[in-house]
Amino acid sequence: MLATRRHILDRSWRKSRIAARILLRQEAGRLTTRDIRLAGVLAADRGVTSRLMDQALYAFSGRGYRVGDARWQKA
Amino acid sequence: MHFQAEDIAWATPAGRRLDELARALPAAPRFEINVFGSAPIQLLIEPAFTSADIDLFGDNDDVYDALLKFVAAQGWTQEKAVEFYIQVCDPLAFKSTFDWRARAIEAERHGHLFRIVHPWDVLVSKLQRLEEKDLAAFRLVLAKTGHPTEQEFLRHLQKAVDLYRPKFDEESARGDMLLNTRLLWRELWGRDIDPRAEVIRPAVERINRAHSDFDPTLKDRLAAIGRLPARRSAG
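Respectively, the protein sequence lines represent chains R and S. Each residue of the first sequence is one higher than the one before, starting from 1 at the first, in this note's numbering. Each residue of the second sequence is one higher than the one before, starting from 76 at the first, in this note's numbering.
Don't take every hint at face value.
[Said to hold, decoys possible] Only some residues are given here: those of chain S computed to face chain R with a beta carbon under 7 Å: (1) 275; (2) 278; (3) 279.
[To be verified] Derived CB-CB ranges, DEER-like: (4) 140(S) to 60(R): 30 to 40 Å; (5) 33(R) to 276(S): 46 to 56 Å; (6) 222(S) to 60(R): 40 to 50 Å.
In short, the hints are calculated from the structure, not lab data. It should be emphasised that the depicted structure is a prediction, and the values quoted were computed from it without experimental measurement. Glycine included, each C-beta is placed from N, C-alpha and C at the ideal position.
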């Protein structure tokens, strides 16, 4: 039971990391067709959340900077 | 306010009793024993602050049972001891700040570990009851050390915000934290306090910040990318 749960959690985290990479590629102007298709799939996935994506962005940057911050604060 | 193992007054009645306990305990298993109640104040602040007992608890049910049996066998329980008995308590009985362990003063004694609860965390646990004896502990700690200041203790109480929640019906009436906090402030700092405004709300704001401190628009942005026309690079 525990293993199943951990597996599910890991999957959400992995998908959210992929989603975060897509956001980064968009900011860098390097989106691909595959990114666009995956973004649609991941956006419909309940396991992919803003919170996990935010954590992934933190993890990628390795510092206190967030890619999403500027846009978020302007909104 | 920081204490360390060297500050523990082992020559006090509580210190001597704990030392005796450590010496008498079998060498294995190694016990980890938490000391709370009035004993930490006697051990760290004022040797003359005596109490009838030492309150302690282990970290799990096994330690609790073993200590209970051992203390009874030694004749150090309330019923048998002629002076200064040891009260082995259930770990659930001690309620204080969420991070009291980080401040506790640890000391090895005859192969066993004693974790002496920091006096401020003892004060938080006493605030739940706030009998005259408990108020005396507050006055003593303040008089001897000048701390905690009002602001320091407000901040400290925020770390114990769950103690302000309504009690279960099954819980014995141990005192009302809201009321006791008001009484304490009037007594020590001579002013009326609104615990909801100065303790509960700031603590809840800190909790809420931790739970919502992320960009909530990220998934919407992802969905917007997913709606872009296919076979087109977008930036």
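Hint by hint, here is what the structure shows:
no., hint, verdict
1, 275, "violated (25 Å)"
2, 278, "violated (22 Å)"
3, 279, "violated (19 Å)"
4, 140(S) to 60(R): 30 to 40 Å, "violated (49 Å)"
5, 33(R) to 276(S): 46 to 56 Å, "holds (50 Å)"
6, 222(S) to 60(R): 40 to 50 Å, "holds (43 Å)"
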